[in-house]
Amino acid sequence: MTDVVVVESPAKAKTINKYLGDGYTVLASFGHVRDLPPKDGSVRPDEDFAMSWQSDERGAKQVAAIIKALKGAKHLYLATDPDREGEAISWHVRSILEEKKALKGVEVQRVTFNEITKSAIKTAMAHPRDLDFPLIEAYLARRALDYLVGFTLSPVLWRKLPGSRSAGRVQSVALRLICEREAEIEVFQPREYWTVIAALATPSGAPFTARLTHLDGKKLEQFDLNNAELAEAARQAVESEDLSVRSVERRKVRRNPQPPFTTSTLQQEASRKLGMGAQVTMRTAQQLYEGIDVGGETVGLITYMRTDGVQMAGEAIGAIRAHIGKHIGEAYVPTQPRHYTSKAKNAQEAHEAIRPTDVFRTPASVSAYLTQDQRRLYELIWKRAVASQMESAALDQVAVDIGGPSGKTILRANGSIITFDGFLRLYTEGRDDSDKAADDDSRMLPPMQERDPLKREKVEAEQHFTQPPPRFSEASLVKKMEEIGIGRPSTYASILTVLRDRNYVQLENRRFIPEARGRLVTAFLVSFFERYVDTKFTASLEELLDDISDGRAEWKQVLASFWHDFSKAVEGTKELTITDVLNALDKDLGPFFFPPRPDGSDPRHCTACGTGRLGLKLGRYGAFIGCSNYPDCQFTRRLSAESAEDGESNASLKDGMRVLGQHPDTGEDITVKQGPWGLYVQQGEPDPEDKKAKPKRASLPKGVEGDKISLEQAVGLLSLPRLVGIHPETGEPIEAGLGRFGPYVKMGAVYGSLDKDDDVLTIGINRAVDALAKKLASIRTLGTHPKDQEPVMVRKGRFGPYVQHGQVVATLPRGTDMDTVTLDEAVALLAEKGKPLKAKGGAAKKKTAAKSTTKTAAKKTTTKKATKAAADGDTPAKEKKAATKKPRATTTRKKKAE
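Residue 898 is where the sequence shown ends in the working numbering, and the numbering goes up by one at each step.
Please note: incorrect hints may appear among the correct ones.
[Claimed, not checked] Restraint ranges, calculated between C-beta atoms of paired labels, are given here:
no., residue 1, residue 2, range
1, G407, Q279, 57 to 63 Å
2, G41, G590, 35 to 41 Å
3, K694, G590, 37 to 43 Å
4, G329, R165, 54 to 60 Å
5, A560, S154, 18 to 24 Å
6, D755, S154, 31 to 37 Å
7, G430, T371, 19 to 25 Å
8, R814, G783, 20 to 26 Å
9, D35, G667, 53 to 59 Å
Don't read these hints as lab results, they were simulated from the structure. Ideal Cβ positions, reconstructed from N, Cα and C, are used throughout, including at glycine.
Assemble the whole structure, with the sequences as input and the hints as a guide.
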């Protein structure tokens, strides 16, 4: 029998099986085969942090496949990823197999490899090891901590701050960073300053610019010229001088290349240079690591992409240096190889940096086999790794001081010349958009000597204002989190995704902007759980988790210490009233929700009733702005930093809704309302005498705001679906509407999805036909059914082609081409094998629920009867009957004995 190897992904399994040959069966675990059930009690601090594990359907299926493959095998090799999570997956697999007694006579060993190449796989298989239990315990501690924080803190949020989604150990700290940066921007007061710039030319006529640095013998600080008058006086002082070169300072500098990528730096650079989000970057890197089909052979193009290490293997460095010498030039190969060490906090350098598995597999040679994202990311990784072993760049930096005979004014011009490009020939590190610093490498000064007279072309005074700190981009937020030591690079992508999915932040122009909900959650946590969203505390906890993985700390002691204080903090919020919460949030977020009004009036003054004071309120669906005179004044406003004018424009709000006007045909009120699933528009009000009759409603599409929607738009939404036009080829009408998955167009039974940018109210016939074209390509109308003249169609389905007539479908026999099916064949197939389409939701769910309720009720009744009978010392009828009936086996034995 073959030995069994377990890896994480099926793509990896296929490649590794090819390398190992027929003597091995390689199976994928598809990630974790079990996890903590998402319910209270999965981690039990009172039972020495006992943990319950549960396999989902997929995990159980994979374990069953492993058990089947193990029959007769002598070795099980656990070859999951070479990190903490991979070690945990291997431990879970082994634990389940032990519980199921599937490892009798099987030796279990752990193997790891940093790249999926034949040599790396063979080397790893030749050097197996035992599971790394300190690493597993670090995983258990981290998983327990995240669970305890999430499942203990989130319910507090739901009770005390309706509308909140969740809290997390690292997620909430990342959100706090974003919110605090936004608060810095809001309180930022710009300061005015001026600079004086002179456009000059050398005796030969070569132009350049210089900036005023000294005036009246004194060095100018940033705010010395803080108004137009001072700037103009300085400008005139420069114009009054005959300028010449006072000194020329030259110095040679060397710039060294950056180390190859870690997980964090790859995410940052991919964001800056490629515009890729962290999640897309990691997903694409995973594909490059697991293997790409290159010319019929599946090869892993890069090493493992979850790493904090910046070092590279000796053979990789040697290969890169050889490539540089052969293809770039010997002058670009340093005398000695470059060796890097990580400067990141809590760096775990067990793995290599991210590099190409074979440097001679250049981006150009594999680009034909890659998607656009794969090609761009591979090129970035390849160039960074190669550049890290190239010679330093050499630059001549020049600083020229310029002044007049009086010495009252001195101007300076800076520039540099690249005398040897070195690694810059291949790679230049990206910069954040907010980095406005001048790039001296690209500014060259003309040759100048001391005492050279200069021609003054123009002197200008330029006004500037200091800028607030920039909002975080994905790159700068990842960099900040790494600097302060919170989270781990492998988790950054999921953290940022959760913040967006929870609607705590939005990404605008590649910058994070906190939503009102996010700011409320942060203010609540800072007010009542400050320690647990403190960056220093979170970073110190990360250090403890690293101590566990290195064997320097005991994981249950770390958990006990954390839980002792954390549970007390949660207990302390039990007596917290909604008023306490509102007061704390109102105090903290007042400047945000009630910014100063242009006329200087009180921003909290209610313009609807004239006497009330606006403040933060909590409702069933979350927080909102309301008046203190409620219920006499029912003014409400959605949660945002709106101006006083916005508040006045909403003065027509009543009963938590906004009245847009009256329907042009019926005269009924058209209102915008807030429901549990979001904003919607409504025509009229419910009839108190006819409870079955409901007013017409329509959800607001994404991108349409409740305080900005017009009456015309609302009437249009309420009239959906609308007729767009007639299909030019089929002659059938096309309608546009809004469904549960967004805007769509419909022709008969054929639906086509619209993009988020399409306006369902204005979309034209050309766009509608285009949207339907893709769907129509997978559908062929055969004709009308002879019974009812309804169309009979053949369609591409998830499990193969099928024919459809109304709500009846029949799968085509295997091997049948959907393009050759005739109407008569389809009708016969429908009559013979036709089945009704499964009902979605509604009736089916109600039927199932009713059946389930009946079963549950019956079960409860039976249980109650049995319990009562037991209490009375009686035996239920069924049990009595069973007790009086003799077993078959006894009768048989009796006969044999006789």
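Evaluation of the provided hints:
no., hint, result
1, G407 <-> Q279: 57 to 63 Å, "59 Å, holds"
2, G41 <-> G590: 35 to 41 Å, "40 Å, holds"
3, K694 <-> G590: 37 to 43 Å, "40 Å, holds"
4, G329 <-> R165: 54 to 60 Å, "56 Å, holds"
5, A560 <-> S154: 18 to 24 Å, "22 Å, holds"
6, D755 <-> S154: 31 to 37 Å, "34 Å, holds"
7, G430 <-> T371: 19 to 25 Å, "21 Å, holds"
8, R814 <-> G783: 20 to 26 Å, "24 Å, holds"
9, D35 <-> G667: 53 to 59 Å, "57 Å, holds"
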